[in-house]
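For the protein sequence lines, the chains are A and B, in the order given.
Letter by letter, the first sequence follows residues 0 to 397 of numbering that gives the first Met the number 0.
Letter by letter, the second sequence follows residues 0 to 121 of numbering that gives the first Met the number 0.
Be careful, since some hints might not be right.
DEER-style ranges, computed between Cβ atoms [unchecked claim]:
hint, chain 1, residue 1, chain 2, residue 2, range
1, B, Arg8, A, Phe105, 46 to 54 Å
2, A, Pro256, B, Glu68, 50 to 58 Å
3, A, Gln196, B, Glu110, 15 to 23 Å
To be clear, the hints were calculated from the coordinates, so they are not data collected in a lab.
In this text the structure is predicted, and so the values were computed from the model without any measurement.
A virtual CB, placed ideally from N, CA and C, is assigned to each residue, including glycine.
The primary structure of each chain is shown beneath.
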Amino acid sequence: MNFCRETTKMAVPPGNRRVLVPRRAWMVRRQGPTPEDARKDGHIVRARCAPLSPASGFPVSWSQQVIHEISGLEILPEVSLGSEIPSPARIFPMPNLTPAEYFAPFSQIIPNFAAFCSKLSASLPVHLRMNTLKAPVRETRLRLERQGIALVKEDPLKLVYRAKNLSHPGHLLEFSLGHLHSQALSSVLAAIVLEPQPGDAVLDLCASPGSKTSLMAQLMQNKGIIVANDRNPDRLIPLRANLKRLGVTNTVITRYPGQHFPKRFLFDRVLVDVPCSAEGTLRAGPSGTLRQSTWASQKLTRLQRDLLLMAFDLLKVGGTLVYSTCTYSPDENESPLDFLLESRPAEIQPIAMDLPHSPGLQQWNETSYDPSIKYCWRIYPHQIDTVGFFMARVVKGS
Amino acid sequence: MFSKDDRLRDLASLQVKSVGMPLLRWVGTHLKPTSVGLQLFGAHADKNIVSLPTDQLRDLVESKEIKSEFNCSPGYVIVASKSVVIGCALYLPGRLISQFPGNMFTPQTWEYALQIRKMGKP
């Protein structure tokens, strides 16, 4: 967990207050009430700090509000093994909303809603993907076990392990050397479902920070070609760094808004992991960016639809596309796919994997979807202990 | 370095920001192997390899230089530890100078393994 320590005094305009953010990571909504223990000497400031990712140990992102509002704060990352995750009431961006209250609109579509809400109170597990581009799985596993890290194999591909007594894998020497990568299990599944083969031409339309891109390179044994695209120049930095660290040699990085990617080259497979409201990450603490306003949600849906259509248009006939999000909202999941099916020669195919999940919805808010939407996968944390996820496998017809 | 693929030529018209992985880098008039390149291919080398125990590796990373004699020619060498290639260093007689990228390790890397062992298995 990280904390922000105030190192310089700022001139405080009347009406504003200042806060010393204590040694726990949370998001304090700008307009919401500030927790009591954040007050010190009567001074509080409204702060919004993105925490260190509990999986990688590196800062996830920093809110613009922090940059503009709290200049002079010294951000210190800390190793804090066995750190306590803040209580659920604190980790949500809207204070005083429990998981049941926040997800109440989805209570009819999430199976065993009580178990789902209960699971959100538990901390996110740490999953490690063994990177066979750098070292054999067995060798990396033995090195970790010799250090006292307890590993449990998780997925059918024997690449992913759950580390039971590890909170900051980013501090491991094996992480620095690229022998492993911290990646949510649901994120691994998206790349596996795409089934990239050695020799394929693959596009990752929203690639940063490169977890799925590097996994695809691993599955392709560094053969073929991957185009990893992201629109944000700041996000190309971690993308490039991760691909270098993980020994990926078959990837070209481009910078386009995904919905305007040039149609000069068609791909065998396309992965489009769209920006979303990230509700599936809430369990991990405030590491996702949540769009709260109606306007923001509508803007996202339009963007997601445009990204999906462009990704489909960049496919060869017979090519495969995987659409994925880490949110539960049908407006961001089933709706764009339904639009795709209406406007393109697309076919959603069943996903052949034996893991717990829920099917795609057939209906939401009086809108009925195409029957083949049922082949999509909805993954909830109480079904598979990972970030909540949605994915669909689409094939392009002639 | 990029895996051989004829389709790379077709992508030349795109706004490419990065291709493949850097294997060598110009430093003045010399070519220096990158640490990530050595991690991929260094296991095939049969000379100019400096094998360090963990504590010496830590000293090299933290102090950027260690003073010692090694059985290799002056110039860029491969640094390994416990049979794993770590990266590149520059050997001058009596000195080994780190050429690792500045952000390759976190400050907590060396202490973290000890902490995990103290915590014990769940």
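Discussion item. Of all the hints numbered above, which does this structure not satisfy? Sort the numbers upward.
Written reply: Hint 3 alone not satisfied by this model.
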